[in-house]
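> Protein chains in written order, with numbering that gives the first Met the number 0: chain A, 0 to 276; chain B, 0 to 285.
Mixed in with the good hints there might be a few duds.
Stated by the list, open to error - One side only, chain B facing chain A, incomplete, derived with CB under 7 Å:
#1 72
#2 74
#3 80
#4 84
#5 100
#6 102
#7 104
#8 216
#9 242
#10 245
Because the hints were derived from the structure by calculation, they are not lab data.
Just so you know, even glycine gets a beta-carbon here, dropped at the ideal spot from N, CA and C.
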Amino acid sequence: MTTWHAPPDVLARYARTPEALDEVTAASVEQHLLACAECRSGVAQAAAPVASASWAAIADVIDRPRASIVERLLARFGLPDHLARVIGATPGLRVAWVTTIAVLGLGAAAIARDTGSSAVFLAIAPLLPLGSVLLTFLPAEEPGGEAAAATPLHGAGVAIRRTVAALVPTFLALGLASAALPRLTEAAAWLLPGLALAAGVLLLATYLRPVLAATTLTAGWVGLLTAVRVVEGRHLALADTVVFEPTGQLVALALAVLAAGLVHLRRDHFSTVEVTW
Amino acid sequence: MSTPTVIAQGVSKRFGPKVALAGVDLHLASGITGLLGPNGAGKTTLLRILATVLAPDRGDLEVLGHDPSTADGRLAVRRRLGYLPQEPGFHRSFSAFEFVDYVAILKEWSDRRSRHDEVRRVLSLVGLEPVMGTAIRKLSGGMRRRVAIAQSLLGDPDLLVLDEPTAGLDPEQRLRFRELLSAVAARSTVLLSTHQTDDVAALCNRVIVLLAGEVRFAGTPQELAALAEGRVWIDSVRDAAAQLAWITGEGMVRHIGPPPAGAHLVPPTVEDGYLTLSEATAGALV
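Starting from the given sequences, assemble the full structure and let the hints guide the process.
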């Protein structure tokens, strides 16, 4: 039994950063610890925070949710990992949906090549971004369920980021599909109407339930195309009607900008469950 | 009574032709308040309004000193609120950890390490640490309920709004939940909706009874029980004059209603008081 004890600061350094001690001191402490229970206890106490921190770091690595492809992609574009998770966790953004859009787009483009008419593609392509926006708003698409609606981040910020994250791959997939169309001018004709319908459904969702908003706009789009065909004559190709001509494109752009502005003004409405769901 | 956490005056909500809340007035302060009422009485609507996920059509509301009808007020409330919805509707491919972590992100826990520590803490509070990596779809109903309870506890909220928290919990889990909630209530205001009058009797220092969208009683559980004072008796046979009667586990018949002469009166419970109130409202006992 010894009455001498190693100084606390030496014990602490031995426990936490033994490499910082010279060899002679380290050997002396080791020799002393063999005979002194009190100093062994001191070493254990000094090492506890280090062990605890190490364990926390290990647990954090084990528990950390695996990031999805979308999350990793968003993070690569500089989005903080927690925001990437909120946006990327939305099932509607999954690859399956984008694949569906690509298949639909390619199918319509193939029909256009076979028949020489892009009517089917131009009729459905502008509706697919609208579908993407709708998917991000469905209750089943909110991974946090209703509990998420009572959190500080719930609202326009998340809703609009999710919308953008859903629209980017949708437009990319449609862009690739439209490259298969016979005429290059037709390949871009769906873009502005698609943007207008996407902004429109976002705006209308601040007044109506999202499904009703999307249904209304889809019916409006089909009604518009039907009316145009009736007025301008069935002999005219859809791509040559006023909807897809420069005048129609300018109107679509103006409507998209107007809807985006109104969405900004009505952003507070995304904050309650009634509007969002 | 300490400073109110929630003050509601004339809060009303209608869904089409159906009136869910018809001018609700209430004050909530620290401690646990139980919200009793039959299905369709408006309990869930009231809780959703207090949790800021639903806006009332009319009335004034102050939650944690803020007005939730404004964007800033709603944000301030949500930063200090824990909410357990009746139907959590969580994404079932998430693990318990992932789900609570996701809600923690929405509650502005942006630092990953501290967030994960908090997620582990709340999952540990509800006894789910051993299964926190398991997909929610593989968990039992009671475990899923505990996952949902865990997310509501994130960040030690000042106001905890719980919609039927004990639904699906087994008796042992219910007792553990009571223990947990009584510890939380020492520093927070808790409002819990339930059909379990024994939970109210065991946990709550106040109780509110909501019937047909209106507050019909607000007081202590003892005061609610006292509404049935002198109206509960035990007999070996059923009395046809009683408004409610049922055979107990001991084979005796427990009655509620105007007692006959010489009846063996027994002390009423919270359940007796609640039944007396709801039957009186329905006109059966008046």
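> Each hint: holds or not?
So, going through the hints one by one against the coordinates:
Using the Cβ-Cβ criterion of 7 Å, the hint placing residue 72 of chain B at the interface with chain A is not satisfied: the shortest such distance is roughly 11 Å. Because the closest C-beta pair between residue 74 of chain B and chain A is about 6 Å apart, less than 7 Å, the hint holds. Here the hint on residue 80 of chain B is kept, as its CB sits about 6 Å from the closest CB of chain A, short of 7 Å. Look at residue 84 of chain B: its Cβ gets to within about 4 Å of chain A, closer than 7 Å, so that hint holds up.
Using the Cβ-Cβ criterion of 7 Å, the hint placing residue 100 of chain B at the interface with chain A is satisfied: the shortest such distance is roughly 6 Å. Against a cut-off of 7 Å between C-beta atoms, the interface hint on residue 102 of chain B holds, since the closest Cβ of chain A lies about 5 Å away. For residue 104 of chain B, the interface hint holds, since its Cβ comes within 7 Å of a Cβ in chain A; the closest pair sits about 5 Å apart. For residue 216 of chain B, the shortest C-beta to C-beta distance to chain A is roughly 27 Å, which exceeds 7 Å, and the interface hint is violated.
Annotation: residue 242 of chain B was flagged as interfacial toward chain A, and the flag is violated, the nearest CB pair being 38 Å apart, outside 7 Å. Violation of the interface hint for residue 245 of chain B is found here, the shortest Cβ-Cβ separation to chain A being roughly 36 Å, above the 7 Å cut-off.
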